[in-house]
Structures are given as structure tokens and as C-alpha cells.
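All chains, please: the whole structure from these sequences, using the hints.
Single-letter residue listing:
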Amino acid sequence: MKRIESAVRGNSAEFRRRYAHNKALAAQLRARQEAARHDRPARDLERLSKQGKLLPRQRLERLLDPGTPFLELSSLAANLAYAGESPGASCLTGIGVVSGREVMIHADDPTVKGGAWYPLTIKKIVRALDIAVENQLPVVHLCDSAGGQLQLQSALFPDRYMAGRIFRNQCMLSKMGVKQLALVFGHCTAGGAYVPALSDYNVIVRGTGAVFLGGPPLVKAATGELVSADDLGGADLHTRVSGTCDYPAADEDQAISIGREIVAQWERKPKWRGPDQAIEAPLLDADELYGIIPDDIKQTFEMREVIGRVVDGSRFHEYKPDYGTTLVCGFAHLWGYRLGILGNNGILFNDSAIKGAHFIELCNQNNTPMLFLQNITGYMVGREYEKAGITKDGAKMIMAQSCSHVPKLTVMCHGSFGAGNYGMCGRAFDGRFLFGWPNHQIAVMGGEQAAGTLAEVKLRQMERAGMAADPQVMRQLREETLKAYEEQTSAYYSTSELWDDGILDPVDTRNALGVALSVAMNVPQGVPGNGVFRF
Amino acid sequence: MAHRMQTDGVDTEAEIIARRPRLRVRLGGSEHVVEASPSAGERFSIRVDGVRYEGWRCVAGDDLQVRVNGHTYTVHFVRRQHAAGGAAGQEEIRASMPGVVVAVHAAAGQGVRTGDKLLTLESMKLQMTIVAAHEAVVAQVHVTRERVFERGALLVSFARQELAGT
Amino acid sequence: MFKRVLIANRGEIACRIIRTLKSLGIASVAVYHHEDRSAPHVGMADQAVLLEADVPTAAYLDQAQLVDVARRTGADAVHPGYGFLSENADFAEGVTTAGLTFIGPEAHTIRLMGDKIRSRAFAAEHGLPVAPSVIEADAARFTARALEIGFPLLIKAAAGGGGKGIRIVRRAAELTDNLATAAAEATRYFGDARVYAERYIEQPRHIEVQIVGDSHGDVVHLFERECSLQRRYQKIVEESPAPNLPAGVRAALCEAAVSLARAARYLNAGTVEFVLAPGGEFYFLEMNTRLQVEHAVTECVLGLDLVAEQLRIAAGAPLSLKQEALAPRGHAIECRICAEEPEHDFRPATGRVAVLEPPRGPGVRFDGGIRVGQAITPAFDSMLAKLVVHGATRAEAAGRMESALAGLTLLGVPTNIDYLRRVVMHPEFLAGRLHTGFLGAHAAGLTPVAKPAEAAAAAIAALLTEPEFSQVAFEVPEPHATIGHWRN
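Protein chains in written order, with the working numbering: chain Z, 10 to 544; chain W, 115 to 280; chain C, 2 to 489.
Derived by calculation from the structure, the hints in this document are not laboratory data.
Where hints are given, some of them may not hold.
To be verified - Listed next, the stretches of chain Z that the computed footprint assigns to chain C, with coverage defined by at least 3 CB atoms under 8 Å from CB atoms of chain C: (1) 66–77; (2) 100–109; (3) 140–154.
Source: prediction; values computed, not measured.
The beta carbon of each residue, even a glycine, is placed where N, CA and C say it ideally should be.
This is how it looks when you write it as C-alpha cells:
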């Protein structure tokens, strides 16, 4: 397989400008992550320390096999919600290795309002468990939560993908034979009590761990009974009398140690398809990605330069290199796994859409997982293209992509606008994982285009009403539209709302995709087959 | 997740730092590059920091003995007590079924070690010996010889103490 | 010659005797206690009989049962080995009374030499130097006798045991004061005012002479053995010849031993023990009426089989050895391999033999009595095996011992192997400057030297056997193993 030859000139003014811009974006990402992970009121930290509790990340580090990666998911979830009250959406999720086994980890964060669940907390946990279901990935729950935020109950309780979904997913996992372990470090109150109860295995820490449907305050309110948390749902009660918990632990370290032993007993299921060849590091330097990614959303860039900095040995077997050139398609290996890649190198035309649909079919016929590298402003519009059937050609690509049985991964590298998002496996298309870079933007169209379109529509309305266009109103409309788009198209807004699985520093892309792909290769997505293609 | 251990009485901590391209292990304050295959056999041949070491290793009581270059090192792993398969931190023993006390082997204030007999009970025509599941000090024996007890009755309680191996 | 010999012993010496019996075509009968059922001597013997006893050592001390087993199995002789009943006159008598041959001296000889006071008196009577001593309550008489003995003088309460209240008096002027204190102490602690004094020998050596006598009155000596290296009053390193021993002293020692044996009309193999002062003067200590643990060094330098010689003598044959023809060739060293912890005051250790790889090489002899899987319990002596080397010179022998100890792998129970290796590499040992206080005096130089790289390798070799560690080291799947520690 040929190596990608880079055309990047590291000393060009453009490279240096872009490098500085994107490096700063990465630094900003790190700073925001650092704050979301560690900025906590001192009194909350003191309270935990007094209780002999470890912080969620300390628990995580002790649980994981030393010297192994941890792919944290949606580290900045809720970063623009609840006035910043719920950093990381008050929980921690991600994929790591415990006792040699890949597992999903879900950890409550008792440093934020006692670990209480916000609506986005639930969305994040459900997403983690969806990943576990789709990828048949065992789960370790690190429980320490006061329960749902009662003030926000309407946004976290009643609907299909709200709190109940956590427990429904737990049941589905168990039914599928995908193991779950809960380590009860703190309280598991109300619905949260079902997390250990629905786990195949659980461990409870004596003294601090407690599981109950109603905590002491609720019991007092309901029946007037005065009872301590430990007597109501502590380790001794649940491991000796009720049987709700399996193993008592003297402290958190011991709970983790028992947990590691339990995971070590779990069967190792074979992957759907194993790696195809030995791992080879890319030849090209990932650091140069900072100088490749544009510093302006309207500018495009050579996606092959990105592929060459992500895949094994920077080797790429390009498919139909001279046809439909705005969509780069080809095969490569990622951490030893054969992979089909579709990357945007411009707007999607009829030929690039048809090429894409065909390539997706090739990947499915060959059981090859796919990676979508998005930088897309959409499918081409205009009379000429409609005449040529751009809509039905785009539909073919969407149909092929949607019906794929091979695992799909998506990285939003820059722009993700309009129907291009659909064709390129946007969030709605059940890709196994979807990440964004800090510079990326997502919207139905660009802010400028939206402002223009809305102005056009407004103008027509006014014309129909026989009114003259008020330049003041038109200007205001334009500015409001631009402002809303600017805010809501940003990567931070996107990740805050869990439209993705997290923002990646571009240099981390290869590692993140490695963990994601390894997990995705556990199982195919349903059975092969397609719907009706419109020819 | 570090392994606490003693080599010839010297405390140290071992942790895996990396696996590729070679296994790297931190022992106390120093890092070592290890070339070894996964084998727990008595005969071993490993390379540490480029130097080959061949020798023998085996279990000797609670310790491991490793003989290398004509010297036998004694390695002790500080293991955490596990609740799994034991009852670490147990503060009392209760009757799992009704029965009668045949003999009392321990007294209040007595230090007991894992496996030490505490009580002999008879229940459902079966005699059973209750032994200490871990090292502890008996706070009180709540029954006497020939005493009949019900299921769940408190038999022995232990003094609260720090658990070993934390 | 005998047709069948019962070995009333176990362990290394039982195995060693069976080997000679085999080489002479004599059938062997082993005895064992239940706890020893898997011990090597049981498997090596032509026949093995279980002894009934609750306490393991009691089995090997049960005279009636042993004689009965010997009778029942048709043995015509009994070899007692060393330890257990080897110096028990009643047993020797019992065996003889049963019409069997006891391979060792006659019962009356055993009885005589087994009594410390009578044996000393006997030795003194026959012109052997005996360390002068006095036990006396009267101060004047004590002082007079003490001055005769000379200085330095060791004095202590006569009734006191062990090393309690020992004082060393170096000048006559200090005698009166020390005597008064010792007498006061003796009265206060033991209610017995008698004070004991003997010549104090600084840095004494422990030298013994091997003799053999036949039933025809012939006695030869098989030269001396140096047995000065002791811990807890037990030998751990022995050699022959004794290093730095003036020829005249050697001759005098051997001559004294032979004259004692002749006087006692000594039958079979025996050892006369002496304490040797730095100045060359020596004193009779005691006589051991049996085969010694350390007999192998004599066998090496003289190229003979002492057990075979014992059997021939017991069978009534005249000595096959002529004194004039005997000349030690080269140098032999023995190390006693014991289950013990030298770093914890040599306390005995227990365990289960997991690995046993005897050393190989020219001039190396390994007399073992253990096998892999065997439990090492406190029931028996802590000695597991003997390692004996023979070289052209003492330096060569010491070098061979050092590499043999390095090459000996005995795991599953703590042993003194590495300690012995440090002993035989110690410059003072190599210089042959030995005395009974050697191990204590050089304790600091006998501690292990830290080798950080090697210790790290050992720790890692141990870690690799830990399932928790090796699982984490080797069972992390790709790509995680290659990615390594990474956080996004």
C-alpha cells in the first residue's frame, strides 16, 4: 500500500498561522477540560476526604490496568448548560482496560452536588450504556450519587431516553450476556439504587456505601421513621440480610481490588473480526495537523493530509482517485484493523455521492468498518444539479450508509453542514462513535447562508404583504441569526448537548479512534442488507 | 494499581509503566525494561535492562524465593485481605441456623489468628467448627457451652481494629 | 560380611549408609515414621518398615521397636548413623543381646566416653592433656588452685548454666575481687557458693582426630578435621586437613587420639575432639563414639569409605588400613546445608522442598537426604544435606565450594546456602585464620552485599509469577498495550 506523500510545508506563512490558531484551540480545550475535571469547591473536596472517599478520577486510575489508555467520552458535556453547575455533566464515562478486558466505565461525581443527576447527566450515562449495548462492552459502574435533581425532574424522568433508559439498558446488557459490575462507594438513592441492583455483580464499601430506594430524609418524610443511612442500606444490611449486594469491602481500595478480581473472571469474547495485520505507527507527524486545519470555517483543506497522520504507516489505498474527487475514498489500516475511509475534499456532487455510495457498498461486502472524516458544506444545490438528480444521488449515499452493517466511526474535522452531515454519518446515523475537533462547527447550514436565507424569506413575506423592507429590521434579523448560529454551531455547544462523544485534540485522533475501533469490532451492526436505492 | 512487596526485607512498590515496545516496570524509584514471556514456571530466564538473568523461583510459605546468580532472594507480596472468599473486617459472627453450643474455644480479650477455633456448634445433627476468618481480638463470646441459640443469634464479636494490609 | 543391615536413622546419613551397603552388595532395611513416608531413604532401601510413634523423633529413638524390626526383617547388623541412638550404650547392648551386630564401639566404651567427667578422667589418666579446672567453695583453696592454672582464667558460678555470669580474669591482682563477686552471685542466684574456674583460651580452635580400631586391637588415626566454624555451638563448616596447623601439633594431636583409643581398646570408628589454643597447646574435650557428620572430608582426602570400613570392622575383619600408608591428598571442605535463617540468629526454618538442583563439577559431593515435595518440619534436625568438595589445595577447595554453593539450588525453605557461600569467600577464612568465635567476630562481613540490579531482577522474576501482575503485564489487548498510558 502506497504511503501518502505530504505536501505540507511547515515553514509556510499559512501553515504557521494555522498552527498557532489550532494550537491555541487545543490549549483552550485542555484548559476547559482541566476546569471541568478538577475545579471544585474546597468544602466538597474536604467532605469527601473526611469520609475516606477517593475522588472519581482517583477511583478510575486505581481501577484501570496501569500503563493503559482511557478514552474519556464527552468530558465537556453540559459545559454550556445549567450556568456551569454541572461540570462534565456530573459524571465520568469512558473506555479503559480492567484486568486485561475492555470495559465501559461510568462513574458518578460526588464532588458536584453530591453526584446528583442532571438531565444531561442522564443523557451522558444513557449514551455510555448505548455504546455498551451496541458494542457489547462490559460496564463497571462506580456509584456515588444522591439521585436525580428533583427540581429538574420533568427533564430527566418521564421520557423514553431519560432516567429509565439507564435501567432498561442495564437489563438489555445483562440479557445479552454483557457483564456489569457496580462498585458502591457512596449512596445509590432512588433510581440510582437500581444501578447496583441491576448489575450482575456488585461490591459495597462498608461505612460509606449505601443502597436504598428512599434515603433517610425521604423515609422520615414518608413514615416518620428515623434511620441512619448505614442501617437503612449499608454494607452489612445488603451483604448479610437483604442480599442486594454481593461483596462487602472494608474500604474503597479493597472494593476496587475485589472489582478487578471479578472482572478478571469474565470470559473474553472473540471480536467480530480480529486485527488484520501488525500495528504500524504513521510516518507523518500528527503535530502537523495543527498547521493543516484552516483557521477559517470557510476554507477547505486536503483530507489526505489528515488520513496520512491517522492511519498505520501513513499508507492509503485510494479508490477511484480520479472520479468524484471531492470525496476521497480508500482503504487503510488503523491499529492493525482494515478500514474504509471517506473524507470530504469539497462539496458533494453527483459523482462524488455515487462514488461514496458505491464505496460504502464495497466496505459492507468486505466486512470492512468505515471512518467518515467530515468537512462538508453539503450536497451541491442549483438547477443543473437537481436536473442531474443530486437529491436522489445523495439519497443513495444516505441509504447505503444508513443500512451498513459494518461499524462506523465519524470525526467532524471542520464543517458539518446540511445533508452532507447525513451522508457522512452524522449523529442520527448510529455510528459507533462520533468525535469532533475543537474547530468544528455543525448546523443545518452555515451562519452566513442561514442569515441570507432568512433575509430572503423575510423579504418575500414583506413583499407579499405589500410592505417595503425595513433595512433596520433586516439588519437586526441578520445579526440575531448570525449570533445564534455562532453560539450554537460551536464544538463546545455541540459537545455540551452530547451531540457527539467528545471533542478531541486533533493529535489524539489516532489513539481515540484506536480504542473506539477496537471496541466497535466486538460486533457488527445487524445483518447485511439495503433498502431501495433510487436510480 | 501498584504491587506492594518486600525483597529481602526491603519495602518496594512495583507498577507497570508501559508494555510496548518492551515491558517497563517501576520498582520503587527506578524503572526497568523487562523482556520476559508470560510463564510462572520455576525455571526462569528474563532480561532486565539488557542483562540476562536465569534462575529458579518458587513459593516458600508466604514468600517467594528467587535464586539468581547463586543468591536466593526472598520476596514477599503485601496482599490486601479480600472479602471475596473470606470475611475481612468482619466484626461479629452470627448463627447461620439454630443449634446448640458444644464447646467454646475462645475467650474475650483473646487474640486469634486466621483459622483459630472459636466455637463448636451442633445443628441439624451436624457438628461444625466456627473459626476466625482473619486476625482479630475477641471482644466477647456471647454464648456458653450447651446454650441453645436461634438463627441469627450473635455468637462472637470482635474488637474494632485497623485492617491489615491497607 | 553381613547379609542385611538395618539403618536406625533417617535423612542424609541413612541415604549415605544405604549407598555403601548397595556398593558392597548388602541388603538394606530402612525404618521411618509416617511423617517421613516420602523421605528418600525410604525409597532407596531394599526394604522399609514403618515405625509406630506419635512424635516423629520418638520413632527413631524406640529401641525395642528397632530391635524388633531388625529381628523380623532378618537383619544381622544395625548401623545407628549419627545422632538418635548412635551413642546410646543401652541400644548397643540391646542389639548385641538380640544376637545382632551393633556397628560401632562396644557398649562399655560408649558408656565410658558418654560420661564427660569419667571420660576426662580417663583421658588424663592416659596422659592426654585435659584443660585444668577447679570447682571450689573455699576462697583460699580456690585461689591457690586458680593461680596454678594460670591466666587468663574463666570463672563462673559452678551451679550456673550456659554462659551466665562468666568473667574473664587476666591478672592475679584481679582474682580476689572477681572471685568475691562470682561467689556472691553464685550464692544469691543458685544457693551454691562454689565457683568454677578453667583456663580461658582466647580464639580457640576445635580440632578432632578420626580414629578406627579393629577387634584385633589395631588402631589407626585418619588425621584431623578442623571444626571451628560453629553457630549456636554446632559446626557448619568442617575441613581436612586443618589449615595453618604446625606439623608437630598435628602429630601430637593424632598421637594423643591413637593412645586414647588404644587405652580404651576402641572398636570401630570414633572421633577424639580437642580444643586448640593459639599457642599450639591443646586439651582433650570429648570422644564421639560414632560416625561424625563431617566424616566425608576425611573420606575425600584419604580416598576411602568409612562406612565400608565400619562394616568390615564390625564383621570382625582386621583393619584394611595401615598407618604408614595413609597420607592425606589435597584438601576437603564440608558445608552443612541447614533449613535456617542466618539473618535471624540462625533460627530453624520450615517449608516444603520445591526445587532441588544439586551442584555439579569436579570434586563435588552432595550427600542429600531430601527430595522435592518433602515437608521440612520442626520435628527433625534442621540439616538437610552436606556439600563436600575436594581440591588439590585449600584454595582450590574453597573456590570449588564457593561455586558449588552458588550452583546448589534448594528452594521452598529458607537455608544457609548463601551465608555459607559468604563464609567460604571471607578473606579470613581463605587465610585459614579460624577459631570458634569466627562467625560472631566476622558477622558484619558475612552479611549480604546489596546488588540492586540483581535484586530488581529477582523482584521482577517473582512478580512475573503473580497472576495479578502477569495478567496486567501480558494480557492487555491491542491497541491498548501499544497506546500505553494515554488520557484524552
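We went through each hint and held it up to the structure:
1. 66–77: It holds: at least three residues are needed, and the stretch 66–77 of chain Z offers 4 whose Cβ sits within less than 8 Å of chain C.
2. 100–109: holds (count 3)
3. 140–154: Coverage by chain C is violated here, the residue count being 0 at a Cβ distance below 8 Å.
This entry does not satisfy hint 3, going by the numbered hints stated previously; all others are met.
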